[in-house]
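Visitor: Residues per chain are reported as follows:
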Amino acid sequence: MLGDAFRRAAIPLFEAGAVDVLEYSFELGWARARPAWAEALLQHYGAAGRLWGHGVTYSTLSAGAPQRQSQWQRQVSQDCEALQLRGVSEHYGFMGVDGVDVGAPLPPPPTPEVVDVGVRALEALAQCSGVPVGLENLAMAFCRLDVEAQPEIVTRLLEAVDGYLVLDLHNLWCQAVNFRFAPLELLCRYPLSRARVLHVSGGSWSSHGGTRLRRDTHDDRVPDEVWSLLPEALSRCANLEVVILEQLGPTLASASAAEGYQADFHRLREVCA
Amino acid sequence: MSVLEHYQRRLSTLLLEGRTPAEIREALSRDPALDSLQSYVRTLQDGPLEVAAALARKWGSEHAAGVVRDERGTDR
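Chains A and B are the protein sequences, given in the same order.
The opening position of the first sequence corresponds to residue 1 in the working numbering, with each subsequent residue numbered one higher.
The opening position of the second sequence corresponds to residue 274 in the working numbering, with each subsequent residue numbered one higher.
Isolated chain A (complex conformation) (with noise of 0.2 Å):
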C-alpha cells in the first residue's frame, strides 16, 4: 500500500472525501522509510481518530518466538506513539519459531497451550501498544478440524484481552469452501459481537491434485459469494466501526484493475451506508 500502483487507484478516492477511515500495514514501514505522501494521509488520519494498525508477521500463537514478538512489540510501540492508532490488530496463526520462519501465518494444532500462548502474547501487544488488540480470523486451514477450532479458540482469547474481532469474509469464505461448511453457518460460530473491524477482499484459486484451494491472496476483486455474504454479516455485528476494503498495490498497476478496485470500494459504501 505504500507504492505507486496503489497509490494512483486510491488517490480518486481519496479526493473525492470517500475515506472515512484508514488501516495501516505497519510492518511496511518497518523495512523502509515511508513515502511522505504515505506519512500525510497516516497523520492527518490518525489525528483524525480514523487510523487503526493491522499486521501480518507478529506470530501470534507461536510457543518459541520471544525474540520476533520482542521486537515486533518495540516497533508497534513506536508506531503507537506516532500515528495514534486506534487499534493494533494481528492474524490468527504462527508463523514459525525463533530461528525458523515460514513467512505465512499457518493453523495450529488445536489445543489447550495454543490459548495460554496466545493470550500471553495478545496481553504483551495490548501493554506494550496501549491501545485495544485485536485479531483476524485466517484463511488458511490444514484440515476441517482447523476451521471447527478456530471460532472457539478466537472467542477465548478475545474474552481474555477483551479484544475485538476483525472479520476478514474472505477468509470466511476460503474456508467455508474449502472444506465444506456452509459460509453463514460458519459466520455465526465467531464472536459476533466483538467484531469492531470488518474486512472484505478478493483473493484467488490453486489446483492440487484435482482439488481447488480458494486462497487469501488479496489480488482481484470482491468475488459474488463474499458480496452476498457482506449483509449478512452487516446484520449480525452490532458493534461494528469499521469495514475495510483489502486489496495488494502491486495488483493495482494496471487501469482496468485500479477501476475495478475504484468500483469495489464505491459499491462497498453503499451496501455498508
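Note that these hints are calculated values from the structure, not bench results.
Quick caveat, the model's predicted, so the values are computed rather than measured.
Among the hints, erroneous ones may be present.
[Claimed, not checked] Pairwise CB distance ranges, derived in the manner of DEER restraints:
1) A:Leu184 - B:Ser312: 24 to 32 Å
2) B:Ser309 - A:Pro66: 19 to 27 Å
3) A:Gly49 - B:Ala306: 42 to 50 Å
4) B:Val276 - A:Arg189: 19 to 27 Å
5) A:Val21 - B:Asp319: 35 to 43 Å
6) B:Gln311 - A:Arg120: 22 to 30 Å
Backbone N, C-alpha and C fix where the C-beta goes; we use that ideal spot for every residue, glycine too.
Fit chain B to the supplied structure of chain A, relying on the hints for placement.
Guide: The following block gives chain B in isolation, referenced to the frame of chain A:
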C-alpha cells in the same frame, strides 16, 4: 520445549525443506514427542500443505536474497 513449540518447529522446518505432504505427515507421525497430536496430524490435507510449503520456500529464498517485500499478506 513444549509439544506445541516442538510441533511448530518440526512442521516449519519440513515445509522449508520442501517435503511433500506425505513426507510431512510421516515425519510428524514418527516423532515420539508428538504422540499427543497424532489424531490431528493424520488429518492434515495435501493441498493446504502444498500451499504452505510453496509459501515457505518462496519466503526462504527471498529472505536469503535480501528481498524487502513491498506488501505483506497472509498467502503471498
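Visitor: Take the hints in turn and mark each one as holding or not.
Guide: Evaluated hints:
no. : hint                            : in the structure
1   : A:Leu184 - B:Ser312: 24 to 32 Å : holds (29 Å)
2   : B:Ser309 - A:Pro66: 19 to 27 Å  : holds (23 Å)
3   : A:Gly49 - B:Ala306: 42 to 50 Å  : holds (48 Å)
4   : B:Val276 - A:Arg189: 19 to 27 Å : holds (26 Å)
5   : A:Val21 - B:Asp319: 35 to 43 Å  : holds (40 Å)
6   : B:Gln311 - A:Arg120: 22 to 30 Å : holds (26 Å)
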